[in-house]
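Kindly produce the complete structure, drawing on both the sequences and the hints.
There are 2 protein chains.
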Amino acid sequence: MEFRLDPWSSQLVVEYDKLFKYFGIRPFKEVLPELERIVKPHHLMRRGVIFGHRDFERVLQALRSGEGFAILTGLMPSGHMHFGHKMVIDQVIYYQGLGAEIFIAIADVEAYAVRRLSRRDVIRYAKEYVANYLALGLRRERLHIYFQSNYRVEYYRLMQLLSRRVTSAELKDIYGDVEPGKVMSIFAQMADILHPQLPSFGSHRVVLVPVGADQDPHLRLARDLADRYSAEFKSLGLGGLERPASTYHRFMSGLTGGKMSSSKPESYIALTDDPDVAAAKLMRALTGGRPTAAEQRRLGGEPEKCPVYEMLSYHLVPDDEELKRIYLRCRGGEMLCGECKREAAERLRRFLQEHQRRLERARDIVDSVVDVPDF
Amino acid sequence: MEFRLDPWSSQLVVEYDKLFKYFGIRPFKEVLPELERIVKPHHLMRRGVIFGHRDFERVLQALRSGEGFAILTGLMPSGHMHFGHKMVIDQVIYYQGLGAEIFIAIADVEAYAVRRLSRRDVIRYAKEYVANYLALGLRRERLHIYFQSNYRVEYYRLMQLLSRRVTSAELKDIYGDVEPGKVMSIFAQMADILHPQLPSFGSHRVVLVPVGADQDPHLRLARDLADRYSAEFKSLGLGGLERPASTYHRFMSGLTGGKMSSSKPESYIALTDDPDVAAAKLMRALTGGRPTAAEQRRLGGEPEKCPVYEMLSYHLVPDDEELKRIYLRCRGGEMLCGECKREAAERLRRFLQEHQRRLERARDIVDSVVDVPDF
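Protein chains in written order, with our numbering: chain A, 1 to 375; chain B, 1 to 375.
Incorrect hints may appear among the rest.
The list makes no distinction among identical chains, and a pair is therefore deemed to hold if it is satisfied within one copy or across any two copies.
No farther apart than 25 Å at their CA atoms in a straight line, the calculated lysine-lysine pairs in the PhoX-like style are these [claimed, not checked]:
(1) K172 / K182
(2) K127 / K234
(3) K305 / K18
(4) K29 / K86
Honestly, the hints are just simulated from the structure, not real lab data.
Below is the structure:
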């Protein structure tokens, strides 16, 4: 595979580069060739959307040896699931296909205590997320989806024990805010990341946490905690703790430019949006087009700056060759934004129609996949 | 009952009076006559050791109506159980005799995270406490003894949810220290106090928490939280939250004067101390005696200042008339400290011999009374 799309080659790489420089995150492209020798990489890896990692070599090693590994991810049930959220679960489904055991934490405590939603809304959003995950292809085998407020006792014990070797000064450094609700959800997150290593959850020593770049502080703290507790956990007969591995993906841009934000419905497309409404939203999106059609024919468009191209690259065009053709037609000035948007909107409409058909069936089995708390 | 012993009539009442004045704790003697009309008060009540309360009227009402009530108490497994710790469980056993449902929290997380004991020591001390409780007469019926790290999921949900309506400024005001381990155990304590009101724990609306005077900050916060969450919990179908009731007892003095302290073995007698060693320790104790025998015969002793008299009054002389005779013989200068100590030491030796016989049997059933965590 020689053709690699890197939609943010100029503007944003600098910022992400800081993660390499200051925090020791390694470029994902360093491990990509070795991954390719074992399995086909996910399109988000092939396209440079997953751009960084820590200790992914341990996953490679697990894939080679067949020893197995676990994936830990979380979801925040504070609003409707949109395409920005879809990236993580796409990766999870990919790893599930490679044989990983899957742990998915529903951050209902943070949604309630920090984001201050009602319990009813939190539970409703959480169930919608889970239905979406299933509709997207998440399978029930070797799958543990749990509410942070409704899990097994060893998880809570871990959460409590981890509070011993952390100071409030440290939390303030990492998170700024140390209000009690935040402290509680930080320790829930630490337990999320580390608990698959406990014997009662499978003693998974290789745990990969795929996250957006902003989530690295959690990973850094979790890695520190693994170091701080490993010897003690070994002496307690729990087999020690290894540092979690992680990958980092870029964020999607908002359709209207800037960040995709749950508080700006025009900036995102939810997986439950009406397909026609979603298509219309995409038609109104900002693009990487030039001020005039003539200029665009002459200079070509800028897919690197285009939220519509992002939707295609991240979500709507699985085939690399097909995406390449779209990229080159835009860059070459052959295809203008109107045509591109109409095609993208049509792809989006079809995707959502099909997804929402699956979603209807998925809703019926949510309660059998996740233990929903009664308050 | 007209004769009321109040061993701290002069020196310490002033300090305890602050609790009445500034924190709204009411004198227990205000509710004692009404309690006497219903049942025989505990000797710690009759003797003024339990000196204050909040909302004890609700317990009286529950006793009158027969609607039932719950007791919540906690133990800190950070050392051997001594006579200072015995006061709370004596009260619990009394209330169990009156039909109360009993909840006992083992603060293993605080012992581990804040007091920094090893998990093994924490678990060992906790089991010793529970064995002592059973040997003292705690019955297994309607009894819930639990490790904070090993309880039911609704308890942990409550603990997490309660973090929403508390600020770190507030915790700092109340507790001074807001290190993560402390924050975690504060919320565990809040869940301890409030969880008997949840439907899955019996929907107990009258929950009494008997504590030492230093524990009132927990009660004040728990009462505030009951107010803050009651409407929401009602709307969640949980039936609201009532403020917990509480009683306050005086501390035992150390045998060597000053405070009884787990870090000074000469200051306390553990329930597992060898009876002869314990008796010898008592013989070395400070007393309320005068500088010379002649002076003491003339002026009388001062039982109000005497740690040995405290042992008699709190623990070793259940009969009020018998205690009164000892008190009067001391005050009248008829009995000097040597004689009194020998008698007290003999009572102590007999008590410990009998207790430790029961303790051997109790140790065998600890694991069937409390679910001990495996790490």
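Here's how the hints hold up against the structure:
In this assembly of identical chains, K172 and K182 lie within 25 Å of each other by CA distance both inside one copy and across copies; the values are 11 Å within and 15 Å between. Taking CA atoms no more than 25 Å apart as the test, K127 paired with K234 passes between copies only; the shortest distance there is 23 Å, against 37 Å inside one copy. With identical chains, the CA atoms of K305 and K18 are at most 25 Å apart within one copy only, with a shortest distance of 20 Å there and 68 Å across copies. For the homomeric pair K29 and K86, the shortest alpha-carbon distance inside one copy (22 Å) is at most 25 Å, but the shortest distance between copies (65 Å) is not.
In summary, this structure violates none of the numbered hints.
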